[in-house]
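Visitor: Spelled out, the chains give:
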Amino acid sequence: MNQATDRSGELAGRPPNVVGGFQRLLLPAFIAVAALLPMMITSDRWMRVLVLVLVYVVLASGLNLLVGYAGLLDLGYIAFFAVGAYFTSIITVKVASDSFGLASDDLWWLFFVNLALAGLFTAGIGIILGYPTLRARGDYLAIMTLAFGEVVRLVAINWTGLTNGPIGIRDVPTIQIAGTRLLDPFYLYYVAFAIAAVVLVAIYRMVASHIGRAWVAIREDQMVAQCMGVNTHRYKLLAYASGAYFAGTIGVFFAHTQQFINPDSFALEDNLLVLSLVILGGAGTMWGPVVGAMVWILFQEWASDQALVQDYPALRMLALGLLVLLVIRFLPNGIVQKRTRLDFGERKWGLLGRWRSEDEDEEVAEPPPARIPVGNGPILKGNGLSCSFGGVKALENVDIEVHRGEVLGIIGPNGAGKSTLFNLISGVVQRDAGSLELDGEDIDRLPPNEVHGRGLSRTFQNIRVMSHMTVTENLLGTADAGVGDRAAAGVPYPQAAGIAHAQVARAQGVQGDRAADGTDVGVPRADAGDVNVAQHVAQFQAAQAEAARALEFVGVKGKEDLDVSSLSYGDRRRTEVARALMGNPKVVLLDEPAAGMNPSETADLGRLIDEMKETGVAVVLIEHDMNMLMSVSDRVLALDHGVKIADGTPAEIQAHPEVLAAYLGVDS
Amino acid sequence: MGISVDRVIVWTFLIGSALAGLAGILYASKYQFVDPTMGFVPSLKALVAAVVGGIGNVPGAFVGGILIGLIEALAGGYIPGGSAWRDVIVFVALGAMLWIRPQGLFGVRVVERA
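If you read the sequences in order, they're chains A and B. So in my numbering the end of the first sequence lands on 668, straight run, no missing numbers. So in my numbering the end of the second sequence lands on 114, straight run, no missing numbers.
If we strip away everything but chain B, and leave its shape as in the complex, we get (with noise of 0.2 Å):
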């Protein structure tokens, strides 16, 4: 159909590392703190963030984002010694969202084509 995969494959990837490249810069500003291994947590919270505003939905991400970091900051400050656990309660939150809606907040259940 004329679309060449290659380029769009490595576009795609050029604007995710962009964002993620952006993501660090700020994460790194406000911890004031880098080290090799910082990025594994962070990309595994975007995994979850991404499941939870529906996975293959640009405003689902941007949702499910800024909700896990609410969640995250929330638990942290109210829950009596839930700075802790706050990653935790991410990787639960995700689990539940899994068992109650697995298609996350805005995504529609994708059927394979037989």
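Bound conformation, chain A alone (with noise of 0.2 Å):
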């Protein structure tokens, strides 16, 4: 553990982490015994058995990424196997050895070339299927999984011409390195090892930077993802691509062991079965799937030498079927009995990262200059929005206007559109007719993740957190992908609470506004295909740095590692609202944030709007609280039944007869 670790540690306000010299050890004593271990086993058996091992531990740890991290239900996944499997046969022998009469000994090398571009081709397969499944409901990436598997059995029956149809391919070329065939399992394990190590590094980095805390963000809730920034169909279709490539690359190592392959080799409980060591070993951990694949290929081989099995082949099955009911009952985390945690590659990257430069760290430290805004006019502007959904109109011809540094109202009865005019400005619903400017720039029909990188950020009618993670990884958990995201589009984005600068700012007597521009601050610019360590650590630190300014902000310093879902009421709606300051935005929609507060927590949160609003930030407000709502706004804006009723100070708004008539039932 290096330095840098330990004082990022002390930010978010935790004791630098110590990991016991037992677990320490964990990683590497596992590795040493797993690349030893053909020494110990004389076994031909027992060595192909492993291989097994690990062309499943492959396969569960794709699928880990698609289940565990991304939370999309794969239930063809086997489909991509096959398909590896099937491109190399195709190409070794159908083509090369059958079309051309090429022998196999002169093509060694296709072996290697087919296992890169296998998992291209499946990774184009995913993009294609994932492209139209992943924007949809999430059911109907199953459907869609579960006919690409009827589909690839499909054609690997009827399409005899390619695939020679039920009766396989024959004599796929073993791997062979420069004429030595590697038919002895003792060298085939270490092929397979060396492929699965790379594939489990890729994971790892994947996971441990900002995409793999997207995913678990998606994962958890999708709609607060993606207003807060992430684009989540790139982020799905990305975990959907990279879980195709590893399934197509261990497919050509499978096949080329096999020598072999036909419809049957690829069975629709194979699909099943993966999961079912995700889900055993822990879906949404690292090892969890590895552990899986271990425990159960083992115990099934084992297994197979009993008598009672020999005579039921189909109790392996069965045994399986209740061991992960039994986990699922007792463990339901799975063998591995980690949670997620969003920071624990920041803890490792030492471990498997680059060097890492003591400058980046020093770059963090130094708050950059706020966001300021950059046009004259209002910050927000909506002219004529209108929204109707099937018959009903919930938005008719509504004006709003918000300036900087201001706090405007909202307020109406139940159903008055409220919320679909919060819904309306972030790009959660689309507009019928009307127009929205934020700062300046037409917000229009943007999806919210880019509603939200242009500086526009909201809380939820009902607190949508992640209960079961701590308050910091609430925060973290979008942010820096955000930061990935805005980065990749070219959006200056200035790295730390424009708040928090701005409090240092009134603390030391000085104007808040030290540089308008965002362009440069020593931000770590991530492009979504550049995986530099160095940059991720930065820009993990600098999302850690500012969630703890954020906390600090709201009130809820001391608790951020606790979990969510153990706070009080209060402590979660300011944990929302801290995640809302994340990323320094110019507007923040809070709807009905003092909903099922005491008194004092409301009164807390009237005096954290107005220290937002002194900060810059512009505030709109939707709250029932009307004593709340009228002493922290300066303009309050009346809706009923979707049209503005009217629009003025709190001592008009309380006057205006419409308003009263509104709420009181009486006619005006």
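The set of hints was computed from the structure by calculation and includes no laboratory data. Take the hints with a grain of salt, since some may be wrong.
Listed below are several chain A residues computed to face chain B (Cβ distance under 8 Å; list not exhaustive) [claimed, not checked]:
id	residue
1	Pro132
2	Thr133
3	Arg135
4	Gly138
5	Tyr140
6	Ile143
7	Met144
8	Leu146
9	Ala147
10	Glu150
11	Leu154
12	Val155
13	Asn158
14	Leu162
Output of the computed footprint for chain A on chain B, the stretches with three or more beta carbons under 8 Å from beta carbons of chain A [stated by the list, open to error]:
id	segment
15	39–50
16	89–102
Even for Gly, the Cβ is constructed at its ideal location relative to N, Cα and C.
Quick one: dock chain against chain with the hints and give me the complex.
Guide: Dropping the structure here:
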């Protein structure tokens, strides 16, 4: 553990992480044993079993990326494995040998080429399948993947010219290196070991970066992830394509070790088997699928020696089913009893990463300049906004204008269209008519993540937090993924909260608007393809520092490491507000933040909104607590039945006849 | 609101399973053949039909079912060698539907409430 990591631990207000001596040795010991295993085992049969274990390790880890991390239920994962296997078999046997008459010994390198190509091929299929499906509801993916599994099986059976149909493809050449055939499972083990190692490191790197944190945020609450700036479709597609890539790659290895494949090599049950291994070991953990695959494949092989199982082979699957049920009942998180932690990569980067420069850490300590609005007009401006669901007009021709540093209260009876207005502004629902501008920039019809990227953030009417994650993790889940997205989109993005900066500036008696240009303040830019360790560490630490500041600002300091579910209601609301403040927004929409709060919590919230306003953030507030709303708002907008009925100072609104009528049911 | 959730779920399952059972009787008497795994592909196609018609829409499911049945039967009959590919054609129809009109023929785009 180096110095930088310790310091970032302190930033988040928790003691530097101490990994126990035993735990620290666990991983290297595991790798050493795995590497030396073939020296100790003389039986060919068990060596083959170990090779199979590694194949399943890769499959389970790849599926875990989808199911465990990104929360995408794929029931046809084996199809990608099959496509990879058929891809290499067709190229080496059907094309190279049969059509061109080339000797497989001369083409030994083709295996290694296919290892890379098959992955690209399956990832491409994954993108074609995933692109439309991942936009739709989650259960569509399960249907689509099942259907894809069937399509692959049917193609393998029926396209006899390409796949030899049910007979399958024989004589797939063994893996060779320059003429030396690696027939001995001893060598095959090392090839599989190398592939598995590369795959696991790749997964580790993705999961430990902002990509993994975005996946977890999507898994926990897709809507929140999107409203906090994560391009959910892109990240889901990335997960799906990566999973497909790994399955295709190991499929190539499988075909060349079996030397024969046919449609029966890839049964429908295998999808459930791999899924079971993921659940068994622990979905959403790095090592769960590895452990699950080892435990089950070894047990299965041992069981096949037993007389009982030899008489009734189906007992094995029955045992697996029972085992999975028992694990779900008694170890709901799987054998590896660790829940997904969003900071685990940061703690362990040193193990796998490249060098880390001290300079990067220094840049983080300095709070970058605040994001100052660039235009002169109102910060948020909506004209003639209309929106209807089916036949119901939720909003009709509503104008809204919010000025910088202003608190605009929105009132109206239930069903007046207040939340719809927020959904419309934040891009969650699309308007039927009207225009929307944020700081002079057209944000009409932008998806929520891009609206967030342009400086508009929000909370939700029913608190939406990841309740079994810690407070800090709730803020981090989306924060630095958003950073990456914005950087990729070329949107300037100063890293730390302008709020914190303004606070510091106030304390020092300095003007808060030190520099308006946020283009280059040593912000680590993350391109989607560039996985630079130092960059990610810096990015993560910046996000962590920003989270600490946001939490301090809203007053949840000292509880950063508690699960959100253990917090009081008020603290959960405050956590949500802190999350909305991440990314230094220009406008924050608060949807009934005081609902369910006691009077003193409400008073604290009022003070918090005042402070937010002082830092220059514009706040739009929906609230049923009239005392609070009227005391913090500069202006109030009243809605009824989707129509704006009044707009003015709190005093004007309180005396407005139509408002009184809407609330009290009096005829005006 | 006074709705017995359990009872509604039980009834939903009951009606759904009864309809599936009915379909099973029709299927078995047409093909004159049963086996334990015969339900997998038809239930998958039922999902496809529901998606094509628009999930959560009764007339949609009806039309989707007829449409999928027709596509399958006509493709099997008219395309040379099509009988081996009819299932594939059905699933491709699903993919096409998700590209063109993800909410299905009669479905309304469902917006998650924030």
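Visitor: Does each hint fit the structure? Answer for all of them.
Guide: Status of each hint after checking the structure:
no. : hint   : verdict
1   : Pro132 : holds (4 Å)
2   : Thr133 : holds (6 Å)
3   : Arg135 : holds (6 Å)
4   : Gly138 : violated (11 Å)
5   : Tyr140 : holds (7 Å)
6   : Ile143 : holds (5 Å)
7   : Met144 : holds (7 Å)
8   : Leu146 : holds (6 Å)
9   : Ala147 : holds (4 Å)
10  : Glu150 : holds (6 Å)
11  : Leu154 : holds (5 Å)
12  : Val155 : holds (7 Å)
13  : Asn158 : holds (4 Å)
14  : Leu162 : violated (13 Å)
15  : 39–50  : holds (count 5)
16  : 89–102 : holds (count 7)
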